[in-house]
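Trainee: For the protein sequence lines, the chains are A and B, in the order given. Offset between the first sequence (1-based) and the working numbering: plus 1101. Offset between the second sequence (1-based) and the working numbering: plus 82.
Accuracy of the hints is not assured; some may be wrong.
Covered stretches of chain B (in silico footprint by chain A; criterion: 3 or more residues with CB under 8 Å from a CB of chain A, positions within the stretch not fixed) [what the hints assert, rightly or not]:
hint: 1; stretch: 115-122
hint: 2; stretch: 190-196
Pairwise CB distance ranges, derived in the manner of DEER restraints [what the hints assert, rightly or not]:
hint: 3; chain 1: A; residue 1: A1103; chain 2: B; residue 2: G139; range: 25 to 35 Å
hint: 4; chain 1: A; residue 1: K1172; chain 2: B; residue 2: N229; range: 21 to 31 Å
hint: 5; chain 1: A; residue 1: K1106; chain 2: B; residue 2: T309; range: 27 to 37 Å
hint: 6; chain 1: A; residue 1: G1187; chain 2: B; residue 2: D292; range: 17 to 27 Å
hint: 7; chain 1: B; residue 1: T186; chain 2: A; residue 2: E1151; range: 48 to 58 Å
hint: 8; chain 1: A; residue 1: N1207; chain 2: B; residue 2: K111; range: 48 to 58 Å
Below, simulated SDA-like cross-link-like pairs (lysine to any residue); rule was C-alpha separation at most 25 Å, straight line [what the hints assert, rightly or not]:
hint: 9; chain 1: B; residue 1: K276; chain 2: B; residue 2: R263
hint: 10; chain 1: A; residue 1: K1160; chain 2: A; residue 2: G1195
hint: 11; chain 1: B; residue 1: K161; chain 2: A; residue 2: P1200
hint: 12; chain 1: B; residue 1: K161; chain 2: A; residue 2: P1133
hint: 13; chain 1: A; residue 1: K1172; chain 2: A; residue 2: A1103
hint: 14; chain 1: B; residue 1: K160; chain 2: A; residue 2: E1151
hint: 15; chain 1: B; residue 1: K160; chain 2: A; residue 2: K1185
hint: 16; chain 1: A; residue 1: K1185; chain 2: A; residue 2: W1134
hint: 17; chain 1: B; residue 1: K148; chain 2: A; residue 2: P1143
hint: 18; chain 1: B; residue 1: K111; chain 2: B; residue 2: G211
hint: 19; chain 1: A; residue 1: K1192; chain 2: B; residue 2: K160
hint: 20; chain 1: A; residue 1: K1185; chain 2: A; residue 2: L1124
hint: 21; chain 1: B; residue 1: K391; chain 2: B; residue 2: I174
hint: 22; chain 1: A; residue 1: K1185; chain 2: B; residue 2: N294
hint: 23; chain 1: B; residue 1: K160; chain 2: B; residue 2: S178
hint: 24; chain 1: A; residue 1: K1172; chain 2: B; residue 2: A312
hint: 25; chain 1: B; residue 1: K207; chain 2: A; residue 2: E1188
hint: 26; chain 1: B; residue 1: K207; chain 2: A; residue 2: V1190
hint: 27; chain 1: B; residue 1: K160; chain 2: A; residue 2: S1104
hint: 28; chain 1: B; residue 1: K266; chain 2: B; residue 2: E180
hint: 29; chain 1: B; residue 1: K207; chain 2: A; residue 2: D1146
hint: 30; chain 1: B; residue 1: K160; chain 2: A; residue 2: P1200
hint: 31; chain 1: A; residue 1: K1106; chain 2: B; residue 2: E180
hint: 32; chain 1: B; residue 1: K148; chain 2: A; residue 2: D1146
hint: 33; chain 1: B; residue 1: K248; chain 2: A; residue 2: A1168
hint: 34; chain 1: A; residue 1: K1185; chain 2: A; residue 2: G1198
hint: 35; chain 1: B; residue 1: K160; chain 2: A; residue 2: W1134
hint: 36; chain 1: B; residue 1: K111; chain 2: B; residue 2: N181
In short, the hints are calculated from the structure, not lab data. Note that the coordinates shown come from a computational prediction; the quantities given were computed from them, not determined experimentally. A virtual CB, placed ideally from N, CA and C, is assigned to each residue, including glycine.
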Amino acid sequence: MASDKVLHVTDGEFDDTVVGNNLPCLVDFWAPWCGPCKAIGPVIDELADEFDGKIVIAKMNVDDNPATPGKFGIRAIPTLILFKSGEVVDKVTGAVGKPQLVELINKAL
Amino acid sequence: MQVDYQLIIVGGGPAGLAAGLYAARGRIKALLIEKGATGGQVLLTDWVDNYPGFAEGVSGFELMDKMTAHVDRFELEKKFAMVSGLDLQEEIKTISLENGDQLTCRSVILCTGARPRALNVPGEKELTGQGVSYCATCDGPFYRGQNIAVVGGGNTAIQEALHLTKFAARVTVIHRRDELRATKILQEKAFANKQIDFLWNAQVQAIEGDDNGVNQLQIAYNDGTTTTLAVTGIFVLVGVVPNNEILPLNQLHTDAAGFIITNTEMETSIPGVYAAGDIRSKNFRQIINAAGEGANAELSAEQYLAGLK
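Looking at chain A on its own, in the form it has when it is part of the complex:
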C-alpha cells in the first residue's frame, strides 16, 4: 500500500524539506519509466511507516526535477541518498532489499 508518510519533494522544496530538516532524510530519486524504481516502491512505503517520526522518507521524480539530481551527480536510478543535518551520510544505487535500506537508515539514527 502506498504510504501517505512519503513526501514528494521538488527542486524548489529540496532545501527546506531535506537540507533544512531537523530529522535525517532518505531521498529516493526515481522516474516513472524506471522498472527497478517501481520495484522498490513498496519497500520505501513500508520504511516510511516503520520509521515514522524518526526519519523523513522522501521521493524526487528526476524527470520533473533535474536540478537536484544534477547537483548530487546522479546518473542511475533508483539512487537513495541519506541526509543528516543537510550533509550526505551515504547512498545506494539500484533496487536493493529492505535489510540493506534499514542498515543504511540506521547510519543516521
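Got chain A sorted already, so can you dock chain B onto it with the hints?
Mentor: For chain B alone, coordinates are given in the frame of chain A:
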C-alpha cells in the same frame, strides 16, 4: 497436519506469474511471494518485440503490468516480502521470511530468476551508479548527447544499444567475438544505425573515472593489442547470474553456474519442488520460456498435490 498453503511460488517475474495464474484458476490454495514489485527482469527491458500476441510490441513495463493484472483478475494471493530461507526436504516445506514469519506448504515453485552479470574488472564496482550501469532503460536518459559503451553481443545488449541511441550521441558496442549472438533482425537494425559502432574481438580490462564518474575504458583486443575509449557511461549486458542466495543449495541439484536442474516437467531433485524461469538450468532465457515453464511447473505441482490425497 494443517499447512498454510498447498503451493507457494517464490518470485513474481513471468514464470511466477504464469504459475500463479494456473494455480488460481486451478483453485489451489496458493501464495506468490515477491520481494519488490511483480515483473522481474522484464522491468529492466525497454521494449519487447517477441512476445506472441503483442503484434505491435510492448514495453517491458506494460507487459508485466498486464501479467500482474491477469493474476489479480483470478485473485491470486500475493505477498510482498523477502524470503530468508527455505527448508524443502520434508513433505511439509517451510519458507522463512525476513521479518521472522514462517509459512508452511506442500509444494513450492522456485522462480527467483537471475540478475545481470558483472564484468568483474577494476573500477566497475566503485563506479556503479557513476557511469557503470546494468539497466539501459533506467539510466539511458542521463546520457543525452554523450558517448557511451555497451558491453555484450546478445539480444539484451543489442536491443538496449538501439534504445540508448535515443539519448546518447554515439554508442560503441564492445564484443569479445567477431560476430553478434543477437537475433538477426536486431543485428540488421544495429548495423544500419549510424550512431552505433562496434569494437570486435575486444574486452574491457578496466573502467576509469574521477569525481565526475566514468571517463575512459581500457580495452584489450584478443590479439593482445590495447586501446582506450573515452566514454561517460558503460552499460554491462553480458548475461546473467542466478538469484540463488536464498535457496538451500545443499538440498537442490544445480549446474556449475548455480542454476537449478529440473527435468522436462520442471521437477527439481526434491519431490514437490519445481523450478521455472531464469533460475532454471537451460540454454535460452526468454520471457515466453519463463511463462511456459511457470505454467508447466504449476500443472506438475497440481498433479503432485493430487497424488498426496
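Trainee: The structure should be examined with respect to each hint, and the outcome stated for every one.
Mentor: Hint check results:
| no. | hint | in the structure |
| --- | --- | --- |
| 1 | 115-122 | holds (count 4) |
| 2 | 190-196 | violated (count 0) |
| 3 | A/A1103 with B/G139: 25 to 35 Å | holds (30 Å) |
| 4 | A/K1172 with B/N229: 21 to 31 Å | holds (23 Å) |
| 5 | A/K1106 with B/T309: 27 to 37 Å | violated (52 Å) |
| 6 | A/G1187 with B/D292: 17 to 27 Å | holds (25 Å) |
| 7 | B/T186 with A/E1151: 48 to 58 Å | violated (26 Å) |
| 8 | A/N1207 with B/K111: 48 to 58 Å | violated (38 Å) |
| 9 | B/K276 with B/R263 | holds (20 Å) |
| 10 | A/K1160 with A/G1195 | holds (15 Å) |
| 11 | B/K161 with A/P1200 | holds (17 Å) |
| 12 | B/K161 with A/P1133 | holds (23 Å) |
| 13 | A/K1172 with A/A1103 | violated (28 Å) |
| 14 | B/K160 with A/E1151 | holds (21 Å) |
| 15 | B/K160 with A/K1185 | violated (36 Å) |
| 16 | A/K1185 with A/W1134 | violated (29 Å) |
| 17 | B/K148 with A/P1143 | holds (19 Å) |
| 18 | B/K111 with B/G211 | violated (42 Å) |
| 19 | A/K1192 with B/K160 | violated (30 Å) |
| 20 | A/K1185 with A/L1124 | holds (7 Å) |
| 21 | B/K391 with B/I174 | holds (14 Å) |
| 22 | A/K1185 with B/N294 | holds (23 Å) |
| 23 | B/K160 with B/S178 | holds (16 Å) |
| 24 | A/K1172 with B/A312 | holds (23 Å) |
| 25 | B/K207 with A/E1188 | holds (24 Å) |
| 26 | B/K207 with A/V1190 | holds (19 Å) |
| 27 | B/K160 with A/S1104 | holds (18 Å) |
| 28 | B/K266 with B/E180 | violated (44 Å) |
| 29 | B/K207 with A/D1146 | violated (28 Å) |
| 30 | B/K160 with A/P1200 | holds (20 Å) |
| 31 | A/K1106 with B/E180 | holds (23 Å) |
| 32 | B/K148 with A/D1146 | holds (23 Å) |
| 33 | B/K248 with A/A1168 | holds (22 Å) |
| 34 | A/K1185 with A/G1198 | holds (22 Å) |
| 35 | B/K160 with A/W1134 | holds (24 Å) |
| 36 | B/K111 with B/N181 | holds (22 Å) |
In this structure, the hints that do not hold are numbers 2, 5, 7, 8, 13, 15, 16, 18, 19, 28 and 29, in rising order.
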